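Undergrad: Sequences are here, hints too, so could you generate the full structure?
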Amino acid sequence: MSSDLYCTDLVRRFGEHRAVDQVSLDVPAGSFFSILGPSGCGKTTLLRLLAGFDRPDSGDIFIRDQRMNTVPPNKRPVNMVFQHLALFPTMSVADNIGYGLKRRKVAAAERRKKTERVLEQVGLPGLGDRMPQQLSGGQRQRVALARCLVLEPTLLLLDEPLGALDLKLREQMKVELKHLQKAFGTTFVYITHDQSEALVMSDRVAVMRNGRFDQVAAPDVLYREPATPFVASFVGDNNRLDGEVLGVDNERVRLRLDTGGEVSGRPSSALAVGQRASLFIRPESMLIGADLPASFSRIETQLSTTLFDGANSRIETRLGERELFARLPQDGSVGDLQPGTTVSLGWEPQRATVFAEAQV
Amino acid sequence: MIRSVPRSRWFISLYGLYLLAFFIYLALPLVVTAVFAFNDSNFPSLPWQGFTLDWYFADAAESGNRTGLFHDQGLLSALWVSVLVAFWVTVISVALGCVNAVLFERIQFRGKELLYLVMLLPLVIPGVILGVSILVFYSGMANQVSLNWGIELDLFRPGLPLVIAGQVAFITTLSTLIIAARLRKFDPQLEEAALNLGATPIVAWFTVTLPWLLPAIFGAAAMAFLMSFENFNTTVMLTGSDTPLTVALFNRLREGSTPVLNAVALLLMAVSALLAMATLRRS
Amino acid sequence: MNRTAGKLSLLLLLTPFVLWIVLLVLLPHVQMLRVSFQVRESWDSLSWGVTQYSNFFAESYYWRTFIRTGVMSMLTTALTLLIGFPIAWYIAKLARGRARGVLFLACLIPFWASELVRTYGWMILLRESGLFSGWLQALGWVDGPVELLYNDAAVIVGLVYNALLFMVVPLVTTLDGLDDNLVEAGYDLGGNHWNVLREVVIPWAMPGIVSGCIVVFMLTLGSYLTPTLMGGKDSAWFTQQIFTQFITRFNWEQGAALGVLLLVLSSLLVWLGLRLTGQNLRKVLG
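Residue numbers (this note's numbering), protein chains in the order written: chain A, 1 to 360; chain B, 361 to 643; chain C, 644 to 929.
Source of the hints: derived by calculation from the structure; they are not laboratory data.
These numbers come from a predicted model, not from an experiment.
Beta carbons are placed, not taken as given, at the ideal position from N, Cα and C, and that holds for glycine.
No incorrect hints appear here.
Derived DMTMM-like pairs (lysine to aspartate or glutamate); straight-line CA-CA distance at most 25 Å:
id	chain 1	residue 1	chain 2	residue 2
1	C	K876	B	E615
2	B	K545	C	D819
3	A	K102	B	E552
Label pairs and their calculated CB-CB ranges:
id	chain 1	residue 1	chain 2	residue 2	range
4	A	S313	C	P729	57 to 67 Å
5	A	D220	B	P561	37 to 47 Å
6	B	F371	A	S196	53 to 63 Å
7	B	F430	C	D877	38 to 48 Å
8	A	S92	B	L436	38 to 48 Å
9	A	G320	C	G649	52 to 62 Å
10	B	V478	C	A796	31 to 41 Å
11	B	Q409	A	P89	55 to 65 Å
12	C	L669	B	G600	17 to 27 Å
13	B	F430	C	G649	49 to 59 Å
14	B	W565	A	E16	32 to 42 Å
15	C	D877	B	V478	37 to 47 Å
TA: This is how it looks when you write it as structure tokens:
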């Protein structure tokens, strides 16, 4: 498979701080690639390196096998949707979209035709004469996309463009963005701190922390088999239990919890007996009730409160100093729970991941 | 106090009365000046002698002792001098203002804070002092040069170049503030977006940044023109034989007032009002 | 951005700024300071000394005018604040919609005319043959023409008139930013007009008040036209003495010294004002 974007060992230092630290990535043509990380993890810096607004201290950037390191931003086959969209307030929608074509010296008639077509494609036919200030948030978003897509870039970079939208519109745009990407077939590199955006839209997601990639994988792999404790806790909700390794056998680790009791999980790396370790288990994998299969790990917890939220209803329980969450099924399988009572929770060991604590 | 807080009746009426008095206070001198520009009397005061346009159009050569503004060579040439000075002050101070705005809003360098304060200095220096210091420096230099080498630096003698220099000294600060305020609201990402869409840095500046700054540049230009036109304190210290209008009017006024002065004043008000109105409409 | 390009653009942008500030502001003032310490012994010989400054202190006319100018300027500033604040409050908080814009514009109108025109207007109103005198006679309150011009009160009226805009605009801007809820909260928590004004409104408006006061004070201290045209024999303004030294007597050394003193006075008072209110110049002017 051919790569649209290929980077090796990118480093960008600001003084002593390495904002981007030995990052390598490979994005296949036509795919939707997300970089997910908390603010300050270096994802914006990485994106600016790709767009050409910043130069790497070392490492190489290749786009369609062309080395890009010294190519100025206006000469790269890369376009970008900015965080605050950066629509030119002094120009109409059509002039915004025609801006890049004009720079390529496309004739006026051709420009108008292309502008009209792309406006139709993003679902805004006939709005070319409006000023950006007259559009709604979602419409502006589409204009920003159209402005880039009309240039048919090899690579489209998106810098958290949904951040400014309200929740409902954001949900809607997530789906739409994915459809548009499929329709245009352009390679998208999308950065976000919102794990739901990354999981819903992407073919592959890179989780970034302190300038490095913790894990690069498909969304479902990322969710089910996190490679590091950071990924486990950053992507989706997770419960964490600390303890000491009692034994490792048959792809299972047995842990003695600090709060007492013995539980099992899947080791993410080699673990030695006696080592400190943390077990991560998702709320929906934690089942409530005493009558669970014998192979399950169990813990006894104190119920703090129940949080009703339709299909996402959960209970909050306490084990020692830790707060744990478990899914509360709404199918009547769990009876009425009173705060303060003891609740027994259990999980299939295959669903839990255990990391050596040193990694945390 | 505010609308949602109840106020007593007498408080409201007292407040209203005060507002009325205030706006009468503001308007009265100007209205009176304007009205007396049309009084058919040789002295701008009561009683009202009837309406006349003599103070604009009368020609002493044709009709006795009155000389209207449009036949008063002294005032007309002073008006022309003022326009000339204001034009150059506008061009120079707006150009400097643009460069300064970019310097302070877009470039990071050591000692920027200090330089910014230095940039503000002309605002806290009284206009008379500004004029005097420029007079002492340049005219003094011309004297020295003349004394020591016999070269006459007429450029540095009191005259229009010094007047322009003196006005540029403080008007530049104002135009810098106006343009910088607009540039501060400019999102630098817009320039990056332009580069990203294939523009070179220079094209990006002219297609994206400059159109954004244009209203502020027009505003600064109108402000600079008016400030220059109306300036007296700095100008009076630096004029030579060609006197700008304000200085000429001042000299006339000391000799005694005639309704021609009212006519000039009304003309000035009308022109400034038009200029101000045009600027306000644009923004 | 590469380093040399960055350096080059900094240099290109810095050069006009430096030329302007050094050639038109800094060097002239340094030269003025230098000249003020020169003593002219004969037409072509100079020596250094503080004669000009000792003249200032020895000649009571000089320092009396100096103090008078300072005090009158402060009085004008205070009066302008008192008169302007209710107006600014009305525009920022009470007026609605169109009225707001119209009132604000009305405040600006006088300033489309130059200081000279404004002063001239007041002269027509106040002088012996002026309108006020005529009206007072018509009302029968006075017997003959009265001279209302050429005294300190007239000067103050003119100065306040000239300064109002520079007080009202910054006040409107800051008061505009005051959230009505803060005032409502003040009343809700048991405040009355007076202590809500003192403890909520005024602290909030402080940057605007300081900024307005500084600009008004500077303008008033440095004004020349109004005191000259409206003032009487006893209402000399310090700028007139500077003018006299330079233009009439051609005594640059003495004029420069007086200029330096005026500059020191204004800087000192501005600095003091900023210190006392805990503001800084950048915030107030920029």
